[in-house]
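Enquirer: The chain contents come next:
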Amino acid sequence: MDKEILRSLQEAKAQWETLHGGKAPLIMVGNATCGRSAGSQAALETLQKEIEQRGLDCHVMEVGCIGLCYAEPIVSIFKAEKPGVVYDEVTPKKAIRLVEEYLLNDNPLPDDALGTLGEGSIEGIPVLFESQVLKPQVRRALHNCGLIDPTNLDHCFANGGYSGFIKALDMTPEQIIEQVKLSGLRGRGGAGFPTWRKWQFCRDAPSDKKYLICNADEGDPGAFMNRALLEGDPHAVLEGMLVAGYALGAQTGYIYCRAEYPLALERLRGAIAQTEEQGLLGDDILGSGYSFHIKIKEGAGAFVCGEETALIHSIEGERGMPTPRPPFPATSGLWGKPTIINNVESLACVGQILKNGAEWFAEYGSKKSKGTKTIALVGKIQRSGLIEVPLGISLREMVYDIGGGCPDGKKVKAVQTGGPSGGCIPDELLDTAVDYDSLSAAGTIMGSGGVVVMDEDTCMVDFARYFLDFAEKESCGKCVPCRLGTKQLLTILEDITEGNGRPGDIELLEEISEGVKAGSLCGLGQTAPNPVLTTIRYFREEYEAHIHDKECPSKVCKELIHYNIIPELCVGCRACLKVCPGGAITGDVKVVHVIDQDLCTKCGMCYEVCPPKADAVEIIPGIPVMEKA
Amino acid sequence: MTEEINLTIDGIPITTRAGTSVLDAALENAIYIPHLCHHPDLKPVGACRLCGVEIDGGRMTMSCLEPARAGIEVVTESPEIALVRRTAVELLIANHDMDCLACAAATDCELLRLSAHVSVQSERLERLKGLTELKPVDNSNPFFSFDPNKCVLCTICVRTCEEIQGVRALALINRGYETVIGTFGNKPFIESVCESCGECVVRCPVGALAPKRFQKPAREVQTTCTYCGVGCGLYLGVIGDRIVSARGDRERPSNHGQLCVKGRYGFKFINHPGRLTTPLIKRNGEFEEATWEEALDLVAEKFSQHKGDSFAALASAKCTNEENYLIQKLTRAAMGTNTVDHCARL
Ligand SMILES: Cc1cc2nc3c(=O)[nH]c(=O)nc-3n(C[C@H](O)[C@H](O)[C@H](O)COP(=O)(O)O)c2cc1C
Ligand code: SF4
Ligand code: SF4
Ligand code: SF4
Ligand code: SF4
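Keeping their order, the protein sequence lines are chains A and B. Residue numbers 1 to 629, in the working numbering, belong to the letters of the first sequence in order. Residue numbers 1 to 346, in the working numbering, belong to the letters of the second sequence in order.
Read the hints as simulated data drawn from the structure, not as lab findings. Cβ atoms here follow ideal geometry from the backbone N, Cα and C, with glycine treated the same way. Hints are not guaranteed to be accurate.
[Said to hold, decoys possible] With a straight-line Cα cutoff of 20 Å, these simulated PhoX-like cross-link-like pairs (lysine-lysine) come out:
(1) B:282 <-> A:473
(2) A:79 <-> A:23
(3) A:23 <-> A:82
(4) A:473 <-> B:129
[What the hints assert, rightly or not] Sample of chain A residues facing chain B (criterion: CB under 8 Å; computed from the structure):
(5) 319
(6) 475
(7) 479
(8) 481
(9) 484
(10) 502
(11) 508
(12) 512
(13) 518
(14) 599
(15) 600
(16) 601
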């Protein structure tokens, strides 16, 4: 092997050890997009200022997302001979306290800490990775995220980065494909197609040129797994691309990343420049004779551009619109050449498989779904964030153990997996395993890993309407069932939520849905009705209540609820009367107030302002009785 | 010679050429498979999802995209195929401005043909949401109009302009339900790079792109376009002795049915009251009507007085190659000069 790279790897290891084992404290600030939106930039600047003003000898390092998004901004402090201490919700004020108390006074503030990281323990602070949120997780794709400086190639080297690729260079492409086959890796972008099989098709396609595309479009609302990985450990993805390019016989790789991910793009550009400089990317890599170049293509943020053929047309400068397959991209893709498109996470897994072996990868998972999966756990959940779990874990463990259930003691009503292409699973079925086959048997899909939790206050019809609104707007418009069918589904759902549902609408929704699923050209249309079909399958009675009883049982749909002042509880404080924009409330000081239902606009202001001690305003499902008659 | 192959469609044995699509093979053999985005001159796109078939018991595929192969058994009806067709056609109809009586396409409309072939349920159509407001019609082009409310987004026009005309004046713009056919920047047709050739108009399966002031002719006359030397074959549509339409002759090797803006739309001069129909000879400063014999005799007489280099001939691009050949022959052999040129070189 190239001597220079060996030297670089050794130097990187030594450097990492001094950083972590040295005298000077090391401070890590989670400064990825999630951290930034919670204010990590302010925490970082405060820490830097304090340290400079006080002349302290400290390393301050920006790291990616560790996945505990609910606790951001997160700061970890490693002092010599001690485990790191992780602090959550670090405001500038708390940052100053950390400097004064822990850095200067050696008081680790156990009450303000989330947990410890690394070897050793500190009294009063639990071990972070033993906590309820992290214990069930297995961090493999994300193993570096939140723990290294993503802009520092040495950090990546010191943690095993590129060792999988260096190993691969001593193997034949066939051996690499065999390893990927043994690992059981299935595509993490949604469909779960066996990665090795796709590669084999492309490998076998005769051509002077081949392309590899990394799909970083991530268009599902609520999904941010790929963003976090690219921001926190871009080299993991580049390593996977290098291995894949070598196995496929590709000379050029593209990363198709949405322009709405500026930080991920910045990290990728930096990482590409570093690897090029290091000789890990470019012509004749490490003297192996293998040449590979990576280009970045920014997408304009269309969901459909995540679909393989649409993505290819977008790179070609055409309208991002799917075309029928066959021909499959593996035989005729970008510029008509054999092309493999892999998801960000799939590629990160590839590097790991080469580094640690196929058996290591397959150690976790269920029979037909091996390995781990990154999941964006969002919605009505206490601990939202980015998690990585072994495939086969139950939804219940994910939602209750890791996520801590719904906030405010509310009950989980359902969980949506697979974003707009997926479906919902009701609370009773939360023991369903998170793997490709079990989820599809339950009527939904694994998708790219977005999981949205809904509590008892969620109206399932309104929920389906939200996703259909997304699908209708994101349809490329090419084929009839998807372009017009999603619009009709949306219109009927809107009618139902607005109290204009008619008998027969449920059957009509089902019928159009089946037609759209069976008839659409690409995956977008083929899956767009899933939110409708699963909500009907599991919550049919909610649809019926909307249509027949003109009631929204979850009290969400404005047209199907009304507000009422309970005479026994009203203290006559006039608070509601003053704010009511429609002038619908009458009453006087110390006299019971009444809402005129004809004037009420259902803005809910009265409900908001009624003092808690009275709590006299109630929301009643259904339209007021007088109107019904 | 291309190889002939045999296959069956709904159990009926048919013969076609290798390389033909299953859809074309069926249509050539008078078996109708519903379709909307298909056009025999264009590459298939599989967008309308109507032409589904099942081959050898496999899953539904689009027959426009399937090459006909020897020995295959094609089935054009199944519960799944019927579901998709009915859904698609009902969706199209619900979203269409059904103004058939005033529509140029009415006697030859693919959407009407479809709805006749697919059993559509009126109760369901009634529940589906129709067009709430009509989009404005683009009347900017002097020869044809574009009515987005009748457009079924088959993209035949887009592909015609790209694949046949090479102009790329049209594209799909916007996304989802808002998707429309438009020019660059969604400007009116007249402000775009459109050459008004009308190739898209003749292929539009419905009345979205329609010739203006269209009138169905009583009879057609096969002829050759007089505008240029290409000599495109065309059929002029006639009512009485008035020309009301022109269409390309698909059998003519010089144009295979294509026409340019002049050949297709520039026929109004024929019936123009100001058009000369007899030669005029100027006598005493006034033009007077004359017979062809008189006129040709006069020209021949004058020509004979100017032989040699005092004579020059300038031929026209409206003449055929043969006519241009004759002009230079006349100039050189009869008039005795080489001074002959052609307007296309100016
Ligand atoms: C509408 C639509 C959107 C998609 N969006 C994405 C995406 O954002 N990221 C992704 O990796 N795959 C997406 N996919 C799946 C890809 O088409 C493709 O299957 C995947 O990138 C293949 O990579 P994998 O085999 O590594 O999963 C999408 C598919 C469809 C139909
Ligand atoms: S299914 Fe929807 S997104 Fe896919 S090609 Fe058809 S219209 Fe476009
Ligand atoms: S295109 Fe014209 S003829 Fe055809 S259905 Fe529409 S209005 Fe009727
Ligand atoms: S008239 Fe001709 S140039 Fe104009 S859009 Fe149609 S095909 Fe293109
Ligand atoms: S204008 Fe006509 S040819 Fe063009 S997309 Fe619409 S229906 Fe098709």
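Enquirer: Quick check on residue 600 (chain A) please, does its C-beta sit within 8 Å of some C-beta on chain B?
Expert: violated (28 Å)
Enquirer: With 8 Å as the cut and Cβ atoms as the points, is residue 502 (chain A) at the interface with chain B?
Expert: With a closest approach of 7 Å, the residue 502 (chain A) hint holds.
Enquirer: Quick check on the hint: residue 601 (chain A) CB to chain B CB, less than 8 Å?
Expert: Hint on residue 601 (chain A): violated, closest Cβ of chain B at ~24 Å, above 8 Å.
Enquirer: Are the Cα positions of residue 79 (chain A) and residue 23 (chain A) separated by 20 Å at most?
Expert: The given pair, whose Cα atoms are some 7 Å apart, holds under the 20 Å limit.
Enquirer: Is the interface hint satisfied for residue 481 (chain A)? The criterion is a beta-carbon contact with chain B at less than 8 Å.
Expert: holds (6 Å)
Enquirer: Given the proposed pairing of residue 282 (chain B) with residue 473 (chain A), does the C-alpha separation stay at or below 20 Å?
Expert: violated (71 Å)
Enquirer: Restraint: residue 512 (chain A) near chain B, CB-CB cut 8 Å. Satisfied or not?
Expert: holds (6 Å)
Enquirer: Please check whether residue 599 (chain A) passes as an interface residue: C-beta within 8 Å of a C-beta belonging to chain B.
Expert: This interface hint is violated because 28 Å lies over the 8 Å limit.
Enquirer: Given a cut of 8 Å on the nearest C-beta pair, is the interface hint for residue 518 (chain A) held or broken against chain B?
Expert: holds (5 Å)
Enquirer: With a cut-off of 20 Å on the C-alpha distance, tell me whether residue 23 (chain A) and residue 82 (chain A) pass.
Expert: holds (11 Å)
Enquirer: Is the interface hint for residue 484 (chain A) satisfied, with its Cβ closer than 8 Å to some Cβ of chain B?
Expert: holds (4 Å)
Enquirer: Go through the hint on residue 479 (chain A) and say holds or violated, using the shortest Cβ distance to chain B against 8 Å.
Expert: Since the shortest Cβ distance to chain B is 5 Å, the answer is holds.
When the structure is compared with the earlier hints, violations turn up for hints 1, 14, 15 and 16 and for no others.
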